[in-house]
Amino acid sequence: MTDDGSDLEQLHRDVAQYYTGTLRRFGPTPLGVDWSCAPTQALRFRKLLKLCDFQGSFSLNDVGCGYGAVLDYLADYHPDTEVDYLGIDLSQAMVRRARKLWSGKPHRFQRASVASRTADYSIASGIFNVMLDQPVQRWERFVATTLSQLHETSRRGFAVNFVTAPLAGQDIRPGLYGTSPERWIAFCRTAFGREVTLIDNYGMSEFTLLVRSPEPHLGNGMDS
Amino acid sequence: MGRIMKEDDVFIPGLLDQLYLRFGPSQGPKEAHGGIAEMKELQKEFQIFRRGRNLKDCFALLNLGGLWNARVKNRWLSLIEDLKSYDSDVPGENGNDRIMNMLIENLGRSEPLPVFFQAHDSRGPDGRRVIVRTSPTGPFFMEQDHVIVSLPMKPKTATPTAKQAAPAARSARKTASKTATKTATKTPRKTPRGR
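As they're listed, the protein sequences go chains X and A. Each residue of the first sequence is one higher than the one before, starting from 1 at the first, in the numbering used here. Each residue of the second sequence is one higher than the one before, starting from 1 at the first, in the numbering used here.
Since the hints were made in silico from the structure, they are not lab data. Hints are not guaranteed to be accurate.
[Said to hold, decoys possible] Subject to a maximum C-alpha distance of 25 Å in a straight line, what follows is the list of computed SDA-like cross-link-like pairs (lysine to any residue):
(1) X:Lys100 / X:Asp34
(2) A:Lys44 / X:Gln55
(3) A:Lys40 / X:Gln55
The structure presented is a predicted model; accordingly, all values stated were derived computationally and were not measured.
Please model the entire structure based on the sequences and the hints provided.
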């Protein structure tokens, strides 16, 4: 098999199948999207959403949205901020469940690998962690491609998280992708010319990158 | 407690292990974060453990009841909830509040101690109470200061007894507590911060 676009399509299918499986086992719960519990899931949202300015309304693309758990978080912690939300997920079953869960609300969900619109901000929580049995080289191409798509579809910035690579000589759990912050900070700075803020040391074996556009943005930036 | 877990008592060691994975030592900085370091961060951000709150609700929120077996999970959480009806090693503090208050205090420290949950036979000298103490080890092979939480349990086949401890057990407990003060340090109500 050649390492071209069709490989990434197969990768997307494999990832979709994996998360469809977790959803079937555990339903629309943190376990259903492979997090250990609601507080650890919420802690990741808290770190990612440090990107956003909650003083005014904004649009948000949530890539790898699962069942839309971040909406619960936003309702709990930022109830006064209007957020124009679009959730994107590779798993059709996940998107169906999210639509059902949030029916009657203005939030939208799409089965896709990339957002169909440009928003003020994008977040992606945990989408680079579960590599399954993909070769590392292909997975890193997926990471780079996805970061580029996030850059292209985010006016004010985007935020992602990664599992931290183990020390040399130590093994990471099979199927997980671990990396160093420096690698992807350098990538985002060089490829996108954006400011990158690293958040780590929050009790988990992972780190969060906030990638902001250097230009100031005016207006509320709401997008359709 | 055997009356609550019934035939699912076989899962109790695994459930205690699960607690240790979440409250046990962090395995190192950065890439090996987790355990008590993660719990400290969760407590800092969300104040999961609060005075007066039901420990069962906190454990349910943290998915500390197993993943696969709903009956085991529900029985385990009932067992945790039932700690309210138990005494503790602190007079006037029930089992639920003893653990809750310890967790709040411990997680508020700059370097919280890992917490090792275990069980003791409630028919023995420690009796029908939750015991919390500090120890230079968790499991004996982990040479690191820990807080030990010992939950009172007895086999499901044991004869049911009244909630009040039997006189023999009370007497044994008095003797044991005299010995215990010489060999183990109970967690003080206010432990110094900034270890």
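* To do: Take the C-alpha atoms of X:Lys100 and X:Asp34, compute the straight-line distance between them, and say whether it is at most 25 Å.
  => holds, 20 Å
* To do: Take the C-alpha atoms of A:Lys40 and X:Gln55, compute the straight-line distance between them, and say whether it is at most 25 Å.
  => violated, 29 Å
* Asked: Keeping to a limit of 25 Å between CA atoms, is the pair of A:Lys44 and X:Gln55 held or broken?
  -> Roughly 24 Å between the alpha carbons, so the hint for A:Lys44 and X:Gln55 holds.
Checked against the numbered hints above, the structure violates only hint 3.
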